[in-house]
Amino acid sequence: MKNRRDILVIDDEPVITRAVSRICAEEGLSVDAADSGSAALDRLDARSYRLVLCDIMMTDLDGFAFLKEAARRAPKMPVVMTTGYATLENAVRSLTDGAADFIAKPFTADELLAVVRRALRARRLQEEASASGPRESLAFVPCPPKYYRLGNVSWVKEEREGTALIGLSDLFLKTIDGVAALELSPLNDEAAQGAPCATVTSAAGDRHAVACPVGGRIVAVNEAAKADPASLEKDPYFEGWLYRVVPTDLQGDLKSLVSCSSDRL
Amino acid sequence: MFQQRTLRKRLGFKLTLAVCATALVTITVFAVSNIRSHSRSLLAEVERHANQLSEAVRSGTEYDMLGNQRERIHESIKRMGNQPTIERIRVMNKSGAVIYSSDAGEIGKMVDKKAESCYMCHSAGRPIERLEMKERTRVFRLQPGGPRTLGIINPIYNAPSCWTAACHAHPRSQVVLGVLDVTLPLAEADKDIRAAQVEVVVFALSAILALSLIVAFLVRRWVDVPVAELVEATQRVAGGDLRYTIAETRDDELGMLARSFNNMTGKLSEARLQLFQSDKLASLGRLAAGVAHEINNPLTGVLTYGSFLLKRTKDQPELQEDLKVIVRETIRSREIVKSLLDFARQSVPKKTEADINEIVSRAASVVESQLALNHVAVSRNLDPNIPKAAVDANQLQQVFINLFVNASDAIGPKGGTITVSSAALSLSPVGITQIKKAQCPKRHSLIDGEVRIDGKPSVRLKARSDGNEGFIYLNPMYAMGGHHHGIPVDDRKVIALSCPECSASLIQPNRECPRCGAPAYAFESPPKGLVEGCSRKGCDWQRWEEVDATGAREFVELRVHDDGCGIAKDLLPKIFEPFYSTKGQKGTGLGLSVIWGIVDNHNGTIHVESEPGAGTTFILRFPVRA
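Chain order of the listed sequences is A and B.
All the letters of the first sequence, read from the start, carry residue numbers 1 to 265 under my numbering.
All the letters of the second sequence, read from the start, carry residue numbers 1 to 626 under my numbering.
Be aware that one or more of the hints could be misleading.
Capping the alpha-carbon separation at 27 Å, the derived lysine-lysine pairs in DSS-like fashion look like this [as the list claims (entries may be wrong)]:
{"hint": "1", "chain 1": "A", "residue 1": "226", "chain 2": "A", "residue 2": "76"}
{"hint": "2", "chain 1": "B", "residue 1": "437", "chain 2": "A", "residue 2": "174"}
{"hint": "3", "chain 1": "B", "residue 1": "14", "chain 2": "A", "residue 2": "146"}
{"hint": "4", "chain 1": "A", "residue 1": "146", "chain 2": "B", "residue 2": "437"}
{"hint": "5", "chain 1": "B", "residue 1": "442", "chain 2": "B", "residue 2": "311"}
{"hint": "6", "chain 1": "B", "residue 1": "442", "chain 2": "A", "residue 2": "157"}
{"hint": "7", "chain 1": "A", "residue 1": "255", "chain 2": "B", "residue 2": "338"}
Ranges between beta-carbon positions, derived for each pair [claimed, not checked]:
{"hint": "8", "chain 1": "A", "residue 1": "249", "chain 2": "B", "residue 2": "425", "range": "43 to 51 Å"}
{"hint": "9", "chain 1": "B", "residue 1": "332", "chain 2": "A", "residue 2": "22", "range": "18 to 26 Å"}
{"hint": "10", "chain 1": "B", "residue 1": "298", "chain 2": "A", "residue 2": "205", "range": "22 to 30 Å"}
Please keep in mind that the hints were generated in silico from the structure rather than gathered at the bench.
C-beta: ideal position from N, C-alpha, C; glycine also.
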């Protein structure tokens, strides 16, 4: 068994790797740091990690290239992307390319820890799911056919009237240790793909921003879910929807999403 | 460069040369043929004269010959031959001996058959007895190099009076008794011919010269100068001076070329300006992105350490307060950087219930000190009772700051006043609601962003009437009329309306316009239901049930008035277009289009009223409930 650590943080700014190391160490997590993508790949060969936190803008090997290579070398290891060039495109592409999550710089210690905890929990859930086998009761419910998902965060389902429903994936909800509160955008707001459109607060007080799967104008808000946030976890794909939107460019947005039908093949 | 071009290569020179060469050839041909025909007619004249003379000599001597008066004949011929216009007269007998001659020394000499005067008849061996006049004359020189002479021979034929004469000198069987040979000098005629030749050559040369000069002058005036102007202009434009224009004073093709050239450079300079401005914007975007990345990294250091310390020092309240300030201010910096990144993108408004008066006051106080420098005062006339509205306070503040700065620019350095006023009003949905989405029954979008009516994307329908097929563009403002018809349509004719993409009919069966009874069309405007309208041109009836059902809506109206220079009427429709700027290189030309975008994102409207010289008023309306 290879030498095992909790987190590998990759950033060409030493001040950031040091800050992340100290914050995580305080929480009892062991952290390694690498100052480039290629150095990080060397680390991956030497040790196994439960989680990688990776900067996108790096000189030798950028974050997306690292993400691809890491998925090949350690398929189950979640990678959280981060960048100071925090455009919506970068956020969406990270999730589309298979990152566990995306966090924009600069972040506070609490924001970082919320993301790290969720990613670690997601890994545990996925390991449990594969260990128990497909016939056993699932650790989380995958999204139904004809749904599309943005990473493992949110889903969208096209409706016949030209509108679309938006909600949170079960895996996302399960990684939050008990939904305590839900903050939603008001009616008629314009949502953009990849932009935060809701905030979920966990029982422990962590705040998790939800990236919106499609852009569009919000025409209905699920007040019932807002009033009883815990109900989300009971039926995340039907009763637990968040918004009904009139999408601005559904076909364009769908290109960045994963079809849930294909998940089941 | 044009000046260095050799003469040989210039278009005008080539044209002149070509015209002159053509003139040279034609005039030369003309001159040569003229000289020839002139010489011929002169010679013919001399010939005729010689013939008459020869006949006169023959008949003058005939009587003496019949009487065989040889002395008299000698004398007559000698006298006649001495006339200055006659070179020589002689008579030869059949055997070739000269029997009479004006030159006494010649008498008795034999003339060779090959001599000039005999050759004509004796060349074929057997003598020819009858000769045409042309064949009887010949031109020759008595001495080589001497003057030309014309000789005419006149055969003396046998006649009854000859063989019946008393002398019995000639038998009856003889046909030709002898030859009268008259030689005339051609010196006079040759002088005439030479004079005529000189005259024609002089005429030809002067004609060619005159033609060349005229052509050269006209070519220079009509071709060389305008072409040189065009060449100069293209070089100036190529050198980057896009404001250079050619004087448009001509009506010919080169004048048209000059006009289209000016038109082209005008368009080019407009395009370059737009490119320059969009480039400016792109650089700004790149700069923002670069700044965001560069600043976010150090900010991450501050924020992570700050928040980490805040977590670790929960038991030290005096430190907590200070650390909270650090974290709060860093988060504020983060928002500022984020807004830099959002600048390029039309950012999503974060609407909260806000007092627009407060936003206006805040925007005014931000720019007031700057405006005071230009002697511009902001006068507030705000109604304190206006309701709160759901708006993005930051975006709206940006709108008002932009409007104040624009107003101050319009006022200029002489100073003036900006008046901002607010009021609540309630408006019926007719004319203020925009159809932003439109679908056919098969859910093809009917919105056309290319054809805009008052700056808003129109609703495009396919129309067929009387065999004409084309598009009708509906004004997206509900029930406002003012639709554009892309095909000629008769007011009284029925128009078939359908989806431009799938041709699904939009005409409602059994539904008639309540105003005029014409067939009604309908399309879906999700999520607000069906929009119906009258298909007849000239009838503006529309019904949008869901919008009508909401009844009158509450609005907050803001007016920003300045007493500046105003905007010309023809420019008013353009001011909200992106990249349109009257401030030249100073403005990005994005201000008003961004404002328009923000107001539109709030479902609000923005209008402008302006009187050149008197000032401009921007009128903004925001719905209280979106």
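Cross-check of the supplied hints:
| no. | hint | result |
| --- | --- | --- |
| 1 | 226/A x 76/A | 33 Å, violated |
| 2 | 437/B x 174/A | 38 Å, violated |
| 3 | 14/B x 146/A | 78 Å, violated |
| 4 | 146/A x 437/B | 25 Å, holds |
| 5 | 442/B x 311/B | 58 Å, violated |
| 6 | 442/B x 157/A | 20 Å, holds |
| 7 | 255/A x 338/B | 26 Å, holds |
| 8 | 249/A x 425/B: 43 to 51 Å | 35 Å, violated |
| 9 | 332/B x 22/A: 18 to 26 Å | 24 Å, holds |
| 10 | 298/B x 205/A: 22 to 30 Å | 28 Å, holds |
Hints 1, 2, 3, 5 and 8 from the list above are not met by this structure, while the remaining hints are.
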